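Line by line, the protein sequences are chains A and B. Note that our numbering has the first sequence beginning at 1, numbered continuously upward. Note that our numbering has the second sequence beginning at 1, numbered continuously upward.
Because the hints were derived from the structure by calculation, they are not lab data. Take the hints with a grain of salt, since some may be wrong.
Where chains are identical, the list cannot tell them apart; a pair therefore holds if satisfied intra-copy or between any two copies.
[What the hints assert, rightly or not] Below, a list of computed lysine to aspartate or glutamate pairs in the EDC-like style, where the Cα atoms sit at most 20 Å apart:
| hint | residue 1 | residue 2 |
| --- | --- | --- |
| 1 | K197 | D74 |
| 2 | K183 | E18 |
| 3 | K197 | E18 |
| 4 | K183 | E237 |
| 5 | K116 | D74 |
| 6 | K180 | D358 |
| 7 | K183 | E194 |
| 8 | K144 | E317 |
| 9 | K306 | D344 |
| 10 | K294 | D358 |
| 11 | K142 | E122 |
| 12 | K197 | D73 |
| 13 | K180 | D217 |
Computed from a prediction, not measured in an experiment: that's the story for all the values here.
2 protein chains.
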Amino acid sequence: MQADLICVGSELLTGLVENSNTGFLARRLWGAGIPLRESSVVADNEEAIRTALNRGLEMSDLVILTGGLGPTDDDITREAVAAILGLPLVLNRGWLDRMEELFTGRGLKMPDNNRKQAYVIEGAILLENRRGTAPGLIIRWKEKLIILLPGPPYEMQAMFEEAVLPVILNFNKSNPVTVKTLKCIGMGESMLEEKIKALDNRDLPSLSYVARGYEVDLQIKGMGNPGSISQSIENAERILRAELGDYIFGSDEDTLAGLVAELLTGKGLTLALAESCSGGLLSDTITDIPGSSKFYRGGIIAYSRKAKINLLVIKEEMLEREGEVSEATAGAMAEGVRALFGADYGIGITGIAGPESDASQGPVGLVFVAVAYSGGSECKKLQLGGGRRSIKERAAQFALDLLRRKLIGG
Amino acid sequence: MQADLICVGSELLTGLVENSNTGFLARRLWGAGIPLRESSVVADNEEAIRTALNRGLEMSDLVILTGGLGPTDDDITREAVAAILGLPLVLNRGWLDRMEELFTGRGLKMPDNNRKQAYVIEGAILLENRRGTAPGLIIRWKEKLIILLPGPPYEMQAMFEEAVLPVILNFNKSNPVTVKTLKCIGMGESMLEEKIKALDNRDLPSLSYVARGYEVDLQIKGMGNPGSISQSIENAERILRAELGDYIFGSDEDTLAGLVAELLTGKGLTLALAESCSGGLLSDTITDIPGSSKFYRGGIIAYSRKAKINLLVIKEEMLEREGEVSEATAGAMAEGVRALFGADYGIGITGIAGPESDASQGPVGLVFVAVAYSGGSECKKLQLGGGRRSIKERAAQFALDLLRRKLIGG
């Protein structure tokens, strides 16, 4: 079973609106064992939708369309799909009442153009939208499934998780694919592959490797009877965990920051950050986690020499002697910020993100990351490639992993 | 003139690797007056590439393919395009020598599989790659252009800017489209549209509006003789600037953070940030700008009450009385961080990013943003919708705009 994805929206073709739906749906479908065959972005235009929908119906079992379900004149996906399939649009009285109540509840009169959102394709199943006025639609069409979802990611994602995923998993029952992803960090993609190949273990099914900065997703995939497959996947997981140990930090939907958050929260420990070259990215990543205020005390962006001296209480002569980008400075930043916020763990990151480097400090991509804790600290030196953003990202990932290893080690 | 974009890469269809090439190329092509007709992601597989390439050649004047130019076995774009067009691959001796030198220069022997990158489609123009070993290729094919670019964004973007853009602008000479984008902030999309419609000015050509969080891109578009068109666009720009004034913060490739950075650097002023609910996102945005260390002194992520009291020197009784999420606290954060870092401007952001709220503090989405400067401070209250990330993003955008208005006003 495979799927085609069609994102409808002229604004997406200008690149001025970010299209996060493709990535989200690709990941979720992949994880559900229904890989995307092709994904496309087309304009709000019946002809463009027709070509893409016909192609999808010809090649795949499932076609998902996002966008173009809004109330304005250029939202035409529902009308276009109805015309292409030769099905009428019919008023759904219940949805209309629901929308009218929604507006009344806010003390507003429903604008006339919202009425069209209550006209749905005949025979389609309506999907609840807790976050907007457009219903999702599921249409069974000649052994295939066509699913229409709203474009705004906030609405689409909730609808997909709650209403769509159960339906397509059920639809896929006859030919199930099971995927288990082990999330690794600390070893490059090719070294990981070499290590696993060297095992030469016939119990390992086909694996794929996907690198994301410092992380590698290791995917174990099996097709067939769920009972026997899940056993063989469990078996493969056991072999891989025995070999890779701490290089595996989680599985499936886990994130490195989420895992570190869980470890800290579970142990009742707190964290503070001192960032220089990563400029707040690590703090931003951590505070994206709901409930991070439980363990995260706060941070210092020490972007100037003076901030390092005054706030993190780093001795000026040490900075002079060792340099702002050095093991000693990263360690002092981690210890300084730990003391300043009274946290259990402190992280210090200093380096040169580029694109230019004052040669006296070292080359672009040179980064030191330190973790300080009760009774000591640990520091690592990195030489990172890529542009400014990529250097910031890898430095932040590496710091999270260093902290993770401390948390599971002690 | 319009373009089709085909991103080749099975890993992109899993969603586990982010596809930033579509957004980048869509934006750059749109700005160059060559809108994308359709954009698709296909697997590393000749049949999938064939279908997409044939469709692109049928519908568009320009087809760009990214990805699949690497040295490994699954990189087959070059070979597939050659086969589809019926053209042979020929060894480019110069490129081979160049790659060999590159490896020798690093003290390495070139792996055998890199050799295939020197085999190029007959008649194609090679494009320099300063950041990798895959050459880009431009092929003229029956009045159309086919362009092959490497997949890694870091390589692709440099190649596009330096080598591709001049060629396609030249190719498009006979039917040029000119687009000027005015970047607005501080007024919603629909209010902006209403205001401009009310002008009822016949000298205004067709405009389009694209909202991105708090920002709106206002696009003026014209087609035809560049001389007369640029004059009519300049004329429209003058009318819009007269009407919208400070709501316009820049044009075309300008970013709000980049503009604020320019204003600060130009005036020799410095900045410090105190972030609570935005959690470091604003600091991360600012430090993405190369050279930001010239004006950015640093910041405090005051994620705990204690950090606000100890570091930002906010009086505890004031926090008790006014609450951590209040105008008074945002103002005290801005002033505190300004003093702490000895900066000319201080920004304070406090609010409730959700998804849960301790009801005593206020509803999710309530945010206060303050700017402090020599002799005073200014604070704004916001009630933002959307999820946790979107609240963080809008709070950061709003803060940048508040600072911008201060910088251009005084």
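Status of the hints after comparison with the structure:
{"no.": "1", "hint": "K197 to D74", "in the structure": "between (53 Å within a copy, 18 Å between copies)"}
{"no.": "2", "hint": "K183 to E18", "in the structure": "between (26 Å within a copy, 16 Å between copies)"}
{"no.": "3", "hint": "K197 to E18", "in the structure": "neither (39 Å within a copy, 27 Å between copies)"}
{"no.": "4", "hint": "K183 to E237", "in the structure": "within (11 Å within a copy, 51 Å between copies)"}
{"no.": "5", "hint": "K116 to D74", "in the structure": "within (12 Å within a copy, 47 Å between copies)"}
{"no.": "6", "hint": "K180 to D358", "in the structure": "neither (46 Å within a copy, 37 Å between copies)"}
{"no.": "7", "hint": "K183 to E194", "in the structure": "within (17 Å within a copy, 50 Å between copies)"}
{"no.": "8", "hint": "K144 to E317", "in the structure": "neither (71 Å within a copy, 64 Å between copies)"}
{"no.": "9", "hint": "K306 to D344", "in the structure": "between (25 Å within a copy, 15 Å between copies)"}
{"no.": "10", "hint": "K294 to D358", "in the structure": "between (39 Å within a copy, 13 Å between copies)"}
{"no.": "11", "hint": "K142 to E122", "in the structure": "within (15 Å within a copy, 45 Å between copies)"}
{"no.": "12", "hint": "K197 to D73", "in the structure": "between (56 Å within a copy, 17 Å between copies)"}
{"no.": "13", "hint": "K180 to D217", "in the structure": "within (10 Å within a copy, 42 Å between copies)"}
Violation of the numbered hints given earlier is confined to hints 3, 6 and 8; the remaining hints are satisfied by the structure.
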